[in-house]
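Asker: Now for the letters of each chain:
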Amino acid sequence: MGGCAELRRQLPVVVYVAVGLQEGHLLDRDTADSFASHIRQFVHEFGRLHPNVLVQTALYPETELREQIRRRNASGLGPDLILTSADLANALLQQGLVSAMPLDQEERNQIDPALLDQVIDSHGHQAGQPLVLFTQLACFDRRRVPTPPATLKELLAQTATGTQVGLSLELGGLLWSAGSLGGLSGINAAARGLQPSPEQNQGLVRWLRWLQEANNQQRVTFLGDQASLRQRLAAGSLDWISCQSSDLDGLRRSLGSHLGISTLPDGEGQRASPLNNLRVLALGRNSSRHQRAMAIALARYSLKPLVQKTLTLDNRSFLPANRYVNVPVQSSQVLATMVGARQQGESSEALVRWFQLGDPRVKELEAVLVPLVFGVIEPEAATEAFVTILQKRR
Amino acid sequence: MRELIAEILGWRGYLERGSIQLQLLLLAAVLLGLQLHWTRRWLRRWPRAVAPLLGSVATLLLSLALQNRSIPAGLLQFLGLSWLGWTLLDLLRMPFLRWLPEQRVQQLFSRIFRPLYLLLAILALINQLDSSRDLAVIGIGKLFGIALTIGNISTAVLVIYGLLVASGPPAAALAWLLHRLIGISDGSRKALEIILSYAVVGLGITAVCFQLGLNSTALLAIAGGLSVGLGFGIKEVFSNFISGIWLLFEGSVRPGEVLMLDGDSCEVRKLGLRATLLWRDRDNAELLIPNQTFFTEAATSYTASDRMRRSQVNVGAAYHHDPATVIALLEATALQVPLVLKQPAPKALLLSYGDFAINYALRFWIANPMDNVTICSDVNQAIWQTFQEHQIEIPFPQQVEYAMTWPPQAHEPNLEHPRPRS
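Protein sequence lines, in the order shown, are assigned to chains P and D.
Residues are numbered in our numbering as their position in the first sequence, beginning at 1, plus a constant of 796.
Residues are numbered in our numbering as their position in the second sequence, beginning at 1, plus a constant of 776.
Some hints could be false.
Only some residues are given here: those of chain P computed to face chain D with a beta carbon under 7 Å [to be verified]:
#1 V810
#2 H834
#3 Y856
#4 G872
#5 G1052
#6 S1084
#7 Q1187
Hints were generated in silico from the structure; no laboratory data involved.
We put the CB at the ideal spot given by N, CA and C, even for glycine.
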């Protein structure tokens, strides 16, 4: 028995990590290489502490991740750790597809409370451990947009001077402008099942009217998804788009030093409301005792300030979840912009709780947005439809 | 490649999970149980094919039992279903055998259905263990600046294999259609079928190269490299291949043709990339002759312009029978043999005056050159019968010895049976 235990200690433990690819990212060679290099670097450092561990990653499009985990769990082949968005981690915990992440008080203290709160269910279970935060930004080509617009007014003014602006027809790609135009509180109220006040209603109408009017501008183009916006910016047919910081890797490869980023334009006295995407580590259900222990160790290691700082500085695509990590905003304009986007996004953090992947209301709202943008329905009618849809219970 | 090997080796980590161990143990138990119980008499009464059916169903039932106890059993279920599918695949042969010859069904199953099923099952197993889409983007090197991944190489190999095995039936169908519409000969139909098949494979390979990202410059470079390779390394293979294509166009060696090889008539069964497959009726042997042989050496064909063959049997009749009677009898006899053609009419000839018999030849025409030996045998039998009926003697070799008279001028010839000199 002693011999067996010794042999067991010597055999490497394989930890399986399933990584969800955010929407708009294709599973291609570049993406796989990019992830592999990030993970290799991270695992290499972890391997110094736990030399007997092998980490194997598998990439899945986030839209398929839930089904993949359900199927693999049913076979006993589920991953030990899942790197995904906060909302999907919540859904996975609710459906019993992942185990709650055991975090002690010290670890909780290290995580930004606002981020931690995004992955706690109504029973107080932790759906995942926050890892990094991707922020929603404005990406532009410096050659054509020397000074990024700080407000929506400036944005439209720049289109008049020749700047080609691209906006998404997806709700997630447009909600940032609701904050700038005072429509956010009406959305929040309706999403909580309340009737928006006349003022809130006015804010919603203002936001939707702006979208409709924007589409009437000659140099504003609405596209179906984020990937198309990214491709057109890289190809040079658009000059300014709303983007996610997860897009930066690919855009840097295409535009190099010409890529500029800024926070999304605010309104007159109102801040933009970007939807920042929290990535968390969730625990799988099929792990052996050793795999579970090692998965937890890996998750805890990822939270360490030094690891978080190294990851942040090396990638410059996300912000750390550990609140004790000092983000060097003085030395990096990119990180400073992401911190600004994070602050902007505080206003929309309540929205993140309901704006989840696969929420049927999102598709219904998008079905209203398209005819509105193309002038088929009036902003007032669209506002009514929005409120009715938002008030529906999930 | 190292990345792929590391990925595959990483799968062993699943073995340390209790639920995986349990599923694999149950599968092993089913396999062992089946092996042990098959020796029992009650099971041996059943056909052998029942064993895998029983095994797969037992595996599925065990997986359901595990699921009822909320133990993960998807892997066992998958393996049971794959096993059952493989077993049921054999049953599919029955309906195919109704419509197609057995050899064609065997080809369909061994070249298309079984490999396809196996491939799908392996892909599904990989999807159980890993993300096949993730594996597909693993790089294995670069060719002319094009990054090659497991995914695009596997797809290319699959498409080429698919073209090689599956281009046959559509090409055959098109050739058959042209055969019916235009009225081309059966041999031409078979030649057209092969040419179409090669054309589809050639175009397919070019399309796969473009799909991989190789541009025309890269393809030209490959073609240049191949030329050098062909010149030195595989000259014979290439020479045979080109000979085969040439022979197809020329139409001299096509499936269905009958050629003489070392004195035996052989039917061309298949004109392959390297060699031609001939069938020799005499001993039912299949001969693989390099295409180059037909290209560089003289060959006798009975089917180049038509399929008729003029055949001949030789027979001797005694000197005391009137040659005109014998010739008439021989010609009438040939006409009685069923497979001898009436037109052109059989023709008997007096060939020579032999030592002990007058030698005749009976020439007749047959429709299928491959039936020559059989028909000759029939004709010979019929001649024997006719000669018996008409008391025509087929003499044995004989020699008359007598004392020499000296001087020779004093010798008196035997004039009882006059014997003209030839």
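Asker: A separate judgement is required for each hint: does it hold in the structure or not?
Answerer: Consistency of the hints with the structure:
| no. | hint | result |
| --- | --- | --- |
| 1 | V810 | 2 Å, holds |
| 2 | H834 | 15 Å, violated |
| 3 | Y856 | 6 Å, holds |
| 4 | G872 | 4 Å, holds |
| 5 | G1052 | 20 Å, violated |
| 6 | S1084 | 5 Å, holds |
| 7 | Q1187 | 38 Å, violated |
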